[in-house]
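Enquirer: Letter by letter, the chains look like this.
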Amino acid sequence: MVNVIGLGYIGLPTALMMASHGVEVVGTNHSQGKVDMLKAGKTTFKEKGLDELFQAALDGGIQFTTEYQVADVYIVSVQTPYDEFTKKVDMSYVNAAIGDVLKVAPKGAIIIVESTISPGSIDRYVRPYVTEKGFKIGEDVHLVHAPERIIPGNMVYELLHNDRTIGADDPEIGEKVKELYASFCGGNIVVTDIKTAEMTKVIENTFRCVNIAFANELAKICRHDGMDVYEVIKICNMHPRVNILNPGPGVGGHCIPVDPWFLVGDYPSLTKVIGESLKVNASMPEYVLERIYEIMEEKGITDVSRVGLYGLTFKENVDDYRESPTLQLLDFQKKHLGTPLKVYDPWIEKDLVKNQYHDLDSFLAETDLVVIMVKHNEIKENMDKLKGKIVLDCHNICDLPEVYHL
Amino acid sequence: MVNVIGLGYIGLPTALMMASHGVEVIGTDYNAELVATLNAGKTTFKEKGLDELFQDALNAGVKFTTEYQVTDTYIVSVPTPYDKFSKKVDAVYVVAAVKDVLKVAPQGATLVIESTVSPGTIEKSVRPVLEAEGRTDINLVHAPERIIPGNMVYELLHNNRTIGADDKAIGEKVKELYASFCQGEIVVTDIKTAEMTKVVENTFRAVNIAFANELAKICRHDNMDVYEIIKICNMHPRVNILQPGPGVGGHCISVDPWFLVGDYPSLAKVIDESMKTNDGMPDFVLNRIYEIMKEKGMADITRVGLYGLTYKENVDDMRESPTLQLLESQERHLATGLKVYDPFIKKDVVANQYHDLDEFLAAVDFVVVMVKHNEIKENMDKLADKVVLDCHNIIRLPGVYHI
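Residue numbers (this note's numbering), protein chains in the order written: chain A, 1 to 406; chain F, 1 to 403.
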């Protein structure tokens, strides 16, 4: 039996996936409210295909509880927050979960850490913790790191099809865990050591970060010279060895703006390109703010309350707003003692920030300048409602005349 | 008829390609010796498939001369050197070629600049020449190339191309001309966008090479295998990390990004750091050599040899190559240059240079693979009893060191 600890954005879909592919799974979460909701047959966040998967997992006999189970395999997918100032990952949730696992785990159990951690974390934090508790790693318990690669908005497909990495001390244990993931994963599964697995996960997100930063830098250069960055990128990408990403209003979420800092923190004198890339991406929300200011000047708009931000989430068609560019932008405003702009997001039902709307039409009725911060399908399908508005389109999705870009 | 001005690494293959596809072409170069070599039926540099292409072009009637021709279309592909300190492109050869073209060009001729120029150069340096000469009748076009040395012939035939023109109709005409041989898609845009795309393409490469080099340094510091890590990362559907190496040379990736840094210093931060990282790699290799010598207890630097002088494998172009950068760095530190050998470089270009692999290997105990020429891949067994620093992860022998 597999006990999945932590039923968040990664743990829940992973648990459901295994359960719906014939693995006996119990999902454990410390939050009684969340467990009750799942038991009541409701998913805890919105994601394409998740509800169907949930149903299949229920049919497969999945159970949810706040209790840790006696199992041969544990998958720890609790959150790993990071300190905003030091950018260091906080391993306390991982270790707390492992501590609770050790209370019930039978001899020889496999503990898989699936949470994203900085390279070396298992050596630095987990091993000493487990050893201190009197467990011999490799005999009493086996440690494995199995990072995920799925993209929010397409998690279900990517769980099924992406290649995976398993890092283990003992290749035999690695192979056993590989078999477990192969129950649902149709991609290649590589078995390597733990530190390499930790490193690959962080480097994958860092690669994205650097290439997004490059696109953002191009956007700024082109803006300065009045050139069309989208045309430039489109043409460049016809080159057989070039694949430039799209610029945007910033980077949010819990992977791409966070993981590269682990490398910068650990290797400050070696990570110059990565360090600059993080800075460029972090500068984008403020850059958008400056564009709004320029456009207001140009159009003679003086009433800030007539400017609205479309989108609060960190990417399109998801309800996850952690570290989103819109929140970063509002934070910059706040720190400059500005009145926060009006905001609307169809995916965020609760009130999160000031001046937030919950209906597209009332939001639009109150604003003259609309800034597209997120390219939700909703706005793509309602483009005509932006007619007559001044639009700053941060994603190049609006083909109305005279739209402003980054 | 098309008059191609400048018969170097780009001009010559382009001229030959057009000629062999039914376009009447005359190639002009101010270098009489180069023209004489071509007229004697010999190519002027080594490149896969170039000799066959040359023969086809000769059969089709391509001609070579030092004289500018009277015709309706000119393609200028002269060098655009850059100032090592300011990193600015020097359009002096382009301007000189344009001036010479204007002396003979008939009314309404089309002038295609194929040389790589920094964004805005045509506006700042070329157009004023036309205006000063009162030749606003000339149609200006920029048609940058995208071919990779070592696979030029294939890529000329198959890569997509970009044409930048003031006048769409002229752009379309030039597109037709290139379509005589180019099977890829050809986009017509304005001149400045075309200039920008070329530089941005090479900058994308520079940034991604720098990222790989940075990873190599991180992994070295922690004794991890960067090649294994990159291999695994690249199984991610949205990740494609390039390979690290001993530095970046040639006349594109190590040069073009500086144009952006020079023109937009406060904006091109990632690019700037990328250039510094790549420029730092030859010194990083030197430091690796130093470390390995210490580890192995080696004291005699005359027993250390660099394999490869060119800036990439299987070509004879050594402009700005990592090996030359490394040797220059040695010189600036008052060190004696390491032994060097490259099968593609026949003439003596540096001190302590060898021209035979066996002689070179007999004179050294420690070999640094700077360039992954096929020759060394095919003669790997000859490195069996050497200390090897393999900067390209191509040597499959036990105990090999990596960057």
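Among the hints, erroneous ones may be present.
[Stated by the list, open to error] Derived coverage of chain F by chain A (criterion: at least 3 residues anywhere in the stretch with Cβ under 8 Å from a Cβ of chain A; other residues may be distant):
#1 196–203
#2 294–300
[Said to hold, decoys possible] With a cut-off of at most 20 Å between alpha-carbon atoms, the simulated DMTMM-like pairs for lysine to aspartate or glutamate come out as follows:
#3 Lys192(F) to Glu323(A)
#4 Lys195(A) to Glu228(F)
#5 Lys88(A) to Glu286(A)
#6 Lys195(A) to Asp225(F)
#7 Lys136(A) to Asp170(A)
#8 Lys192(F) to Glu286(A)
#9 Lys195(A) to Asp222(F)
#10 Lys334(A) to Glu286(A)
[Said to hold, decoys possible] Per the computed footprint, the stretches of chain F lying under chain A, defined by three or more beta-carbons under 8 Å from a beta-carbon of chain A, are:
#11 182–193
#12 361–373
#13 392–403
Keep in mind that the hints were calculated from the coordinates and are not lab data.
All C-beta atoms, glycine included, are put in the ideal place defined by N, C-alpha and C.
Enquirer: Hint by hint, note whether the structure agrees.
Expert: Hints versus structure:
no. : hint                   : result
1   : 196–203                : holds (count 5)
2   : 294–300                : violated (count 0)
3   : Lys192(F) to Glu323(A) : 37 Å, violated
4   : Lys195(A) to Glu228(F) : 12 Å, holds
5   : Lys88(A) to Glu286(A)  : 24 Å, violated
6   : Lys195(A) to Asp225(F) : 11 Å, holds
7   : Lys136(A) to Asp170(A) : 14 Å, holds
8   : Lys192(F) to Glu286(A) : 28 Å, violated
9   : Lys195(A) to Asp222(F) : 10 Å, holds
10  : Lys334(A) to Glu286(A) : 12 Å, holds
11  : 182–193                : holds (count 6)
12  : 361–373                : violated (count 0)
13  : 392–403                : violated (count 0)
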